[in-house]
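Protein chains in written order, with the numbering used here: chain A, 5 to 359; chain B, 107 to 357; chain C, 5 to 180.
Keep in mind the hints are simulated off the structure, nothing from the lab.
Treat the hints with care, as some may be off.
[Unchecked claim] Simulated crosslink set (BS3-like; lysine-lysine; CA at most 27 Å straight-line): (1) A:Lys205 - B:Lys307; (2) B:Lys247 - B:Lys324; (3) B:Lys149 - A:Lys51.
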Amino acid sequence: MPKVLMDGNSAIGEAAIRAGCQCYFGYPITPQNELIEYMATHLSRRKGCVFVQAESELAAINMVYGASVVGARAMTSSSSPGISLKQEGISYLAACELPAVIVNMSRGGPGLGSIAAAQSDYFQATRGGGHGDYRTIVLAPSSVQELADLTIRAFDLADKYKIPVIILGDGVLGQMMEPVEFKQEAPAVLPVREGSLRGAKGRPSKIIKTFTSNPAELEEINWSLFRRYGLIKKQETTFETFMIDDAKLVVVAFGIAARIAKGAIRNVRAEGLKVGLLRPITLWPFPDEAVKEVVKNVNHFLVFEMNMGQMLEDVQLSLEGKGEVSFYGRPGGVIPTPSEVSRVISRLYYQKGLK
Amino acid sequence: MKKVYAHPKSLKRAVFHYCPGCGHSIAHRLICEVIDEMGLQDKTVGIPPPGCSVFAYHYFDVDMAECAHGRGAAVATGIKRACPDIVVFTYQGDGDLAAIGTAETIHAANRGENTTTVFINNAVYGMTGGQMAPTTLRGMKTTTTPYGRDHVIEGHPIKMSEMLAPLEGVAYIERVAVNSPANIRKAKKAITKAFQMQLDKRGFSMVEILSPCPTNWKMTPIQAWKWVDDEMSKIFPLGVYKDVTEQKSAD
Amino acid sequence: MLIKTLFAGFGGQGVMSMGLSLAEAAMLEGKNVTYLPAYGAEVRGGTANCTVAVSDDEIASPVASSPEFVIAMNQPSAVKFQHHIQSGGLFFLNSSLVEADIIRGDIEIVRVPANKVAEDLGSPKSANMIMLGAFIKKSGLVELQSVIESLKRILSTKKKLIEINEKALNAGYNLF
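I would like the entire structure built from these sequences, with the hints used as guidance.
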């Protein structure tokens, strides 16, 4: 299929349909409205598919829960304040081991914040987000093409590990248009997950539940969740490196910030500075082994985020005290420019005597 | 010899954990009888709530999916939309349906979701220990209205059947009680009708059941059953509030 | 090489479709391209703008803090964006609506009477395409033929509209 020019939100919608998404439940919020509108236009017209504009984010995530109970591929999307509302449902999905795809086209916060792009929901996304001890897989794309590709991967991962998967984008990724290629067609028959509840025909009745009055039973449920998380960490951790082979300084950034950092690195490379990039694609599981690998050869790290230092903590934890970490962040939805980040890199490079 | 009693097939052979005189066990049994009689055991998914009936899945021998407090109507929507052949019912208490889940309930009803809700109104939060419910009567003492519910401060008992009935998506709403053999028979008829509405794809159906809670009402079972007649049904009158098959709204 | 272009004007002047046509044309030429609209409350009832970045390499940021080219279709945009242009950049002014004096001496100013030319052509709504034609000619960013192709893709079945727009594009292109 030839490339088409598409905004990030719509590209997620198209990719979801091609991934066999059967149900979308959502509630409008900027900057992800193109996605709910895309699903209203395209998913609702497909045979056997469902689109509902819910009365709230709470309702939407619980509709996703219902659809997941019966084994349908289901998704919802929102932006930061709406994602906060969805946390209740995400916790239940995680507890019940129900797959779901949740898109957060995040915006500036806290509170109503602004509709500009920000990365301030990193903690919320990577630490579970709701109550209880659980994790969700978190994917952080940095282009429209990657939004599409990771949407398809999100549905596969959700089903494979029976876990909610978060796609953490931002306002710019959602709104910007780029050429995108869709590599797979929508399945002719919609997938039905094994083990779903569709009535006890020819088998004993089944229960999907989270509550237990037996703490030992709950503990075992949590143990089993974390055994699976260990497996996910081993098998699904994904990252990208750029020009790190000879690097004296490595920038760690994700999503839109990583893209800006890449531009900055190209600038400073032109001036002879040996700088590389490590970009986590899965924010959870975080690629700590990759960081540990880099620090064998590189002592200096610059973490760059559009928040005041959230992924920074994961980098520091991964380094276990090794190396030297600096941070540059812009909170509140201001989008730094590549030349701004170039200046930060150059300054650091000289201050640390790397020249 | 004529058989006058049998254990419903879709009611598991477990001992109820409910208090003596509680309406839940009767409501459970009625639903199971209806599921049996309508032949729905293998195509039903039930949604129990948090609360005293959180363990409903230990009693109903149908597929059951627990959900968060108040979100039954949204979960039922997800299930029914994704899989329209499944018969879905939610089982919800008054705090669940009429406080924290009011929005979900109203909007599912307004969309005319083909789902059935069994709404247990016992005027109190049971499992948490007898706090005020949205349906607590004026003057009624609970652990959070120790001096009696004062409508100036706490508002009035909310009447969900009356509120929901005018919505165009609603097919059937009836308020019944399970405090006497005659009322129990009526309740079963109402539950049957509610499920039939769903099978006929007529829209949202709900049966509100006035259900005694002797423990939290601080009454004996007999006093509690009488109180439903003497006090509760004055504020929450029994009857059919909506029936699209009758083409008129009775009240 | 990375070139960023910012299109600005009133809502309804077709500012977004100018950007979109350019982005689509760049894609058809196999270039890397991003199109970023200003979105949300800031575009309601006020000015509209969008940024198109075209490059042979990967594009780092779709945001233009100092674009090479700016197209101002109205007076407020001309005032607002004249200071954003990179030194040596091109500033396209819709001289039918912009009266402001441009105080910068380090940029080249291209005045295009877009509305007047469009009216003379009998299609007053196509001022944006007049401007886009002039922009293509002066900037050399993409081929005129690619923009015409992109219009056909965007407007697909609306044959009449394609015809009008193509005529306007050519008229603008031939102004210089």
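Hints and how they fare:
1. A:Lys205 - B:Lys307: holds, 22 Å
2. B:Lys247 - B:Lys324: holds, 10 Å
3. B:Lys149 - A:Lys51: holds, 22 Å
Of the hints listed earlier, there is not a single one the structure fails to meet.
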